[in-house]
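There are 4 protein chains.
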Amino acid sequence: MINQTIMNQIGCDKYTEHRQELIAAFKEVRQQTLNLTSTLSAEDMQIQSMPDASPTKWHMAHTSWFFEAFILAKFQSGFSWHDPMYHKLYNSYYNALGEPFSRAKRGMITRPSVDEIRDYRENINARMTTLLTECRDAQFKEIAPLLVIGLNHEQQHQELILTDIKHALFQNPTYPAVFPHDGARETQPDQRWLAVEGGEVSIGYAGDGFCFDNELPRHRVLLDDFEISNRLITNAEWLEFMQDGGYEKPLLWLSDGWAWKNENQAKAPFYWVHEDDEWQAFSLAGLRSIKPNEPVTHINYYEADAYARWTGCRLPTEQEWEHAATLLSAKDADEVLCLSQGLSQGLRWEWTSSAYLPYPGFCPAIGNVGEYNGKFMINQMILRGASGATQCGHSRFSYRNFFGPSARWQFSGVRLVRLD
Amino acid sequence: MINQTIMNQIGCDKYTEHRQELIAAFKEVRQQTLNLTSTLSAEDMQIQSMPDASPTKWHMAHTSWFFEAFILAKFQSGFSWHDPMYHKLYNSYYNALGEPFSRAKRGMITRPSVDEIRDYRENINARMTTLLTECRDAQFKEIAPLLVIGLNHEQQHQELILTDIKHALFQNPTYPAVFPHDGARETQPDQRWLAVEGGEVSIGYAGDGFCFDNELPRHRVLLDDFEISNRLITNAEWLEFMQDGGYEKPLLWLSDGWAWKNENQAKAPFYWVHEDDEWQAFSLAGLRSIKPNEPVTHINYYEADAYARWTGCRLPTEQEWEHAATLLSAKDADEVLCLSQGLSQGLRWEWTSSAYLPYPGFCPAIGNVGEYNGKFMINQMILRGASGATQCGHSRFSYRNFFGPSARWQFSGVRLVRLD
Amino acid sequence: MINQTIMNQIGCDKYTEHRQELIAAFKEVRQQTLNLTSTLSAEDMQIQSMPDASPTKWHMAHTSWFFEAFILAKFQSGFSWHDPMYHKLYNSYYNALGEPFSRAKRGMITRPSVDEIRDYRENINARMTTLLTECRDAQFKEIAPLLVIGLNHEQQHQELILTDIKHALFQNPTYPAVFPHDGARETQPDQRWLAVEGGEVSIGYAGDGFCFDNELPRHRVLLDDFEISNRLITNAEWLEFMQDGGYEKPLLWLSDGWAWKNENQAKAPFYWVHEDDEWQAFSLAGLRSIKPNEPVTHINYYEADAYARWTGCRLPTEQEWEHAATLLSAKDADEVLCLSQGLSQGLRWEWTSSAYLPYPGFCPAIGNVGEYNGKFMINQMILRGASGATQCGHSRFSYRNFFGPSARWQFSGVRLVRLD
Amino acid sequence: MINQTIMNQIGCDKYTEHRQELIAAFKEVRQQTLNLTSTLSAEDMQIQSMPDASPTKWHMAHTSWFFEAFILAKFQSGFSWHDPMYHKLYNSYYNALGEPFSRAKRGMITRPSVDEIRDYRENINARMTTLLTECRDAQFKEIAPLLVIGLNHEQQHQELILTDIKHALFQNPTYPAVFPHDGARETQPDQRWLAVEGGEVSIGYAGDGFCFDNELPRHRVLLDDFEISNRLITNAEWLEFMQDGGYEKPLLWLSDGWAWKNENQAKAPFYWVHEDDEWQAFSLAGLRSIKPNEPVTHINYYEADAYARWTGCRLPTEQEWEHAATLLSAKDADEVLCLSQGLSQGLRWEWTSSAYLPYPGFCPAIGNVGEYNGKFMINQMILRGASGATQCGHSRFSYRNFFGPSARWQFSGVRLVRLD
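Chains as they are written, first to last, in the numbering used here: chain A, 3 to 422; chain B, 3 to 422; chain C, 3 to 422; chain D, 3 to 422.
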């Protein structure tokens with residue numbers, strides 16, 4: 003997994019020099035999707051348990067379609083679609099490429115089968131490998147940025163495969179376990195407040211490697227001094243909030259949050275099940291007792307915000323988060339953010355109090371991939387960091403993840419900032 | 003398929019004499035479920051395309067559970083559940099046996115897999131066969147009526163397997179074909195009106211074989227004379243109705259029907275697709291051109307009723323239908339009803355103008371199977387006859403099928419009665 | 003109120019002889035609408051508390067429009083609409099007269115005001131009185147049947163004014179009282195079972211006065227012998243049902259009824275409020291304690307049916323009800339049905355187990371009023387008798403009222419028939 | 003109207019010196035609510051045409067309740083509620099004061115009547131005037147800040163009275179006119195781009211008069227240089243956008259905006275009606291032809307954003323807007339913002355690209371009024387400026403109005419910023 007991990011560090015102007023590493027990264031990322039799904043059955047991969055989630059199978063096809071539609075269709079000589087119908091079925095939301103198939107009905111497509119989609123993946127892999135290997139440098143230079151986007155895109159879907167299958171399997175009262183549980187390394191340290199100096203600071207991606215368009219342009223903002231926690235809120239702390247009636251006190255909640263809570267009768271983090279006289283949580287390794295010292299997960303923005311108000315603290319802004327992460331990691335990275343190294347580690351995407359909006363001077367990526375990020379800049383809040391389900395090397399301090407304030411099925415958590 | 007066909011003709015008091023035929027019928031019916039699903043993939047069998055439909059897989063399990071819950075649990079010595087969770091997952095609606103799993107979420111259960119459900123079927127088959135073979139006559143006498151109900155129940159689900167998978171596959175814009183098309187024998191003869199004398203007639207099951215509780219008690223009703231068509235309405239006739247603006251004239255429709263039509267923007271029978279400048283219809287053999295002389299199908303009660311009003315005729319009552327069928331079949335069965343002989347023949351369940359209500363003196367079957375029919379006697383209309391998807395020998399002239407007035411996914415059709 | 007009461011007894015062929023009584027009846031019925039609404043404010047009359055209900059104001063206008071659209075438009079020389087927009091706003095559902103205004107938005111029409119609608123009523127009254135007084139006999143003969151329909155139609159809306167305003171005022175946590183409470187005369191006698199002989203009996207309207215098209219044609223049906231209760235189920239009896247867990251036992255309920263109950267969390271009749279440690283019921287005279295010996299009201303078909311099953315009895319069919327009423331009233335009318343004499347008396351529309359369907363040979367009224375009844379013959383159950391909100395002389399033994407099985411806002415009750 | 007206009011300029015520490023002006027302002031503001039509703043009928047004031055809007059009557063009562071609950075209840079000796087039920091009915095959303103009555107059901111409360119609510123207003127006016135006049139300075143000092151909040155609160159509801167009644171009357175196909183049309187002074191000047199220098203600028207309220215808690219704390223932000231339009235987008239320009247297919251091009255829209263557009267089949271600004279072969283717009287003076295040179299209004303954030311993208315420009319951030327307004331008004335106020343002077347003038351609330359979030363260090367107002375602003379800081383976008391429906395003196399450059407991105411019933415418009 004070496005190449006996939008360093009792929010994003012390669013300078014954009016040096017892609018041609020690193021052609022072999024990029025081809026190797028392509029193979030690794032593509033293989034990793036298969037690895038993640040190896041214990042799932044055809045039936046598991048078929049279903050869509052809510053409109054916001056997608057079937058595993060769809061993720062497997064869509065990530066292949068991305069390379070077919072954005073790279074092969076343009077650069078492969080004698081190109082023809084693997085199957086023209088796939089072009090319709092697996093276009094997620096790129097209106098520029100034709101009307102996408104209805105999102106809410108993705109789970110209704112039983113054919114092509116999982117096996118046919120595996121064939122599709124192999125076919126794309128073969129054609130891509132040939133193209134990447136055989137094209138001239140001038141063309142590789144054009145292809146490489148799209149390739150790296152495509153691989154980052156696939157990594158995003160790798161995380162979604164995990165979040166979505168978790169949601170799907172949770173519908174089953176047998177609480178199936180599909181992954182072994184490999185022992186938590188998630189225990190949180192004692193609470194300390196880390197002082198961060200404000201002033202005029204730079205926000206946005208700074209290096210010469212890959213980043214998404216929404217991390218740019220790098221720009222200056224003014225920040226006050228603040229203190230940020232060295233760790234995430236734990237299950238034990240969340241239980242205290244629950245026991246103190248946190249879910250029953252309207253004054254702790256945003257108005258929309260209170261309405262959400264009532265409508266959904268939320269009383270605990272998502273996936274928490276009160277059984278055998280204790281709180282347990284559904285995981286990809288089945289139903290397990292809550293571990294008090296692990297970071298709480300699967301709480302939405304409304305819950306994170308209410309929790310912060312209950313403590314008398316607040317959530318960080320995305321600028322504070324990024325600045326703190328950058329600054330403190332220079333000293334002691336572990337202390338602050340601990341960007342996750344893999345599924346086993348299990349840290350969380352951290353809710354910030356910032357809405358997902360364009361940076362000043364934001365300019366969407368050029369061409370059809372321009373629909374990638376910009377059009378979602380409304381009704382969503384920023385999460386920073388990474389989760390245990392994020393692929394190694396995928397995230398970075400300037401990375402902007404985003405979900406609506408009621409979303410709970412992501413591996414989200416809470417880190418606090420202290421009020422003065 | 004001999005035993006399955008004659009099973010319902012065996013006198014209820016002669017089940018013990020026919021033990022071997024009933025055991026053979028059990029095997030045949032059970033096998034037939036597998037036959038019907040042999041060309042479906044695990045993914046096909048997983049999905050539920052609307053709350054009214056169920057996954058193929060669920061039908062396969064539920065029909066097995068029926069034998070386990072109503073026969074093995076009571077009569078097998080040393081009984082234990084194949085899997086206690088199955089008892090919860092595959093109870094359809096028998097509240098007396100515990101709270102059934104949410105109907106609308108049947109498609110969310112990916113585990114047990116199709117293979118595990120096939121194992122479950124075999125396990126039930128083996129235990130049932132042993133029990134049926136080895137029990138004493140006195141016990142067989144008790145078991146046999148439940149066995150025959152269970153087999154008829156499975157036959158009903160065999161039809162539902164076909165109607166539900168058709169609906170599921172229709173969600174796919176590729177219109178998959180899962181069955182070969184074996185050539186229609188559905189061509190309708192020329193229209194003739196068959197005069198039927200009324201008077202005081204008997205309605206309800208009369209023989210000494212099997213019937214459902216809702217076909218009893220046999221009772222007397224008064225009927226006027228009437229004339230009934232010798233055949234079903236054809237696609238060509240329905241096209242005329244459409245071309246005459248039948249779907250746009252409110253005065254032809256029941257008030258609820260007009261609201262249904264507007265809400266669903268219905269313009270043609272369900273599964274009709276206007277493509278390549280002609281009307282085609284989706285079938286289990288894929289998308290095919292409409293055959294003008296075949297009986298129209300997949301129309302709901304509202305459409306059937308509006309069509310009848312457009313012609314100046316009306317639908318028969320269920321009593322008229324049963325009386326006509328009985329009377330005329332004594333003369334020339336082919337002329338009137340042509341109960342279907344299998345999937346290839348393709349006749350239709352015929353909408354009547356009768357609501358599904360208990361017959362005078364109706365008494366639900368005793369025991370837990372008493373929830374079988376009676377509790378659905380509201381908000382539904384009676385269909386009589388059989389369809390091309392009905393198993394041979396399953397239906398009879400007194401058979402009462404029933405669906406809500408907006409249901410279109412069944413193989414339903416229209417036969418008219420002439421107004422004086 | 004003499005003329006309005008006898009209006010429906012006048013032979014249809016003798017309308018011209020009774021022109022003065024009919025003109026007087028017209029005035030009485032029209033005045034009665036104003037009487038019923040005299041204690042309501044403009045705001046009360048404005049609102050629509052659910053799509054099934056209509057604003058008082060709308061009823062006042064619609065009943066006037068009925069005369070304008072079906073009589074004046076056809077028979078008044080030099081006719082022009084009082085206001086062409088009213089023709090659109092106050093057409094309830096007569097598609098033959100143009101597209102009706104959206105039912106669910108009736109409460110959104112604040113202009114015309116209540117005062118303008120009172121003017122409209124006066125205008126219609128004046129034009130109708132002139133027409134009825136001055137037209138020749140030949141024309142009166144044509145007009146009179148429409149006039150009598152129009153007056154019966156207005157009487158139906160008088161009952162709806164009461165049921166709908168009750169629903170509207172119930173939304174208000176102050177439980178406003180708009181009518182004085184005049185002391186109940188609703189106490190039910192001791193329970194006795196009245197034996198009724200079956201056989202071939204006639205059903206449908208028999209006299210030469212007015213009836214609705216759905217009461218015809220009179221026809222013969224076969225009935226078994228049965229025994230019917232001499233009285234309605236009381237509040238005390240309903241409380242027993244509740245205390246015995248009637249609302250929590252799925253086996254007592256129709257499947258759709260159980261779903262309805264769960265969705266609406268129904269635990270008692272509609273308008274029952276548990277306050278100050280006792281059950282009270284909202285009435286047009288405000289919130290009052292339940293009187294144990296009064297007939298229960300505001301229960302829907304599902305509840306009536308579940309109650310009957312709980313007692314081991316059943317609901318009558320509409321034919322049984324009509325036959326019993328006719329037969330026993332010949333002996334002792336009070337004993338059986340006690341058709342109500344006015345608002346104060348408070349009997350109930352009685353749920354029957356019959357679906358609302360056309361009688362054999364049913365033929366809708368001719369002309370545009372033909373949309374009156376027939377198009378509602380689906381998804382509804384028959385209620386027989388009358389309620390305390392029914393106008394005197396409006397109902398009769400052959401009268402067929404109908405509502406969907408979940409409707410609770412009508413003054414409905416339960417009378418049982420004993421199983422053999 | 004002098005005192006009401008200057009009320010917000012009075013220094014918070016000088017309220018006692020200006021007691022008479024504040025008492026006069028109280029009277030003026032309270033009277034203005036009556037003035038605005040003088041041409042509405044009781045029925046007009048009753049209805050609620052969507053959950054987001056409220057009945058006029060409710061606004062009249064709620065603004066009175068605000069003074070009763072936050073001032074009289076605390077400061078009036080011998081206080082008792084005018085009617086305890088009003089305390090429940092007219093609490094909008096202050097959970098700290100008890101559970102508010104369901105927002106969506108405000109239109110269902112017909113009693114108290116409009117007249118009773120007028121009495122309630124007079125009662126509050128009298129008690130408030132006595133209290134304000136007779137209390138000692140020390141107490142006045144405590145009361146005055148709440149008084150000024152209450153008056154600003156009532157002014158906000160005065161605008162909502164107009165926006166909500168416009169929505170209510172629009173439901174009526176007669177398009178009632180309730181206000182005279184007094185001739186537009188809304189014509190927009192020629193387009194010019196005004197250069198604004200960025201740098202480190204201060205944002206938030208700066209004076210010593212009244213402002214809402216959400217305008218504080220004043221803080222420093224960094225802005226780039228930018229160019230802002232001297233005027234609002236006109237109807238003529240919007241028509242061009244429509245004619246160019248602006249509503250049919252997905253690439254112009256945010257993803258949620260495109261979904262909103264499709265679901266609502268939006269094709270033009272809200273209140274635009276295509277009749278008699280031209281676009282007309284519903285106004286409080288009835289249906290009138292679109293005036294090409296007036297600013298477009300009743301467009302939501304999605305539309306404003308799509309329009310900006312179509313032009314190649316963008317919306318301003320709220321910081322840019324505030325900075326430009328402050329800076330340029332120092333030179334020539336008319337050129338930039340033209341804050342409206344009353345109903346007749348008709349400028350618009352201007353959508354910004356900023357989400358409604360707390361300023362750094364935001365601290366909600368103390369006490370129960372603390373629920374005023376903070377809890378709405380999610381899922382909403384900022385609008386700046388004022389509209390023709392805003393009361394004189396109510397808004398200011400630091401004023402933050404906010405609505406969800408799909409809200410169209412406010413008097414909203416578009417001002418552009420030029421991309422570099």
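A few of these clues could be false.
Remember, identical chains collapse to one label, so a pair may be satisfied in a single copy or spanning two.
Unchecked claim - Dumping the calculated SDA-like pairs for lysine to any residue here, alpha-carbon to alpha-carbon at most 20 Å:
{"no.": "1", "residue 1": "Lys16", "residue 2": "Glu250"}
{"no.": "2", "residue 1": "Lys90", "residue 2": "Leu330"}
{"no.": "3", "residue 1": "Lys107", "residue 2": "Asp258"}
{"no.": "4", "residue 1": "Lys107", "residue 2": "Tyr273"}
Keep in mind the hints are simulated off the structure, nothing from the lab.
Which of the listed hints are broken here?
1 and 2
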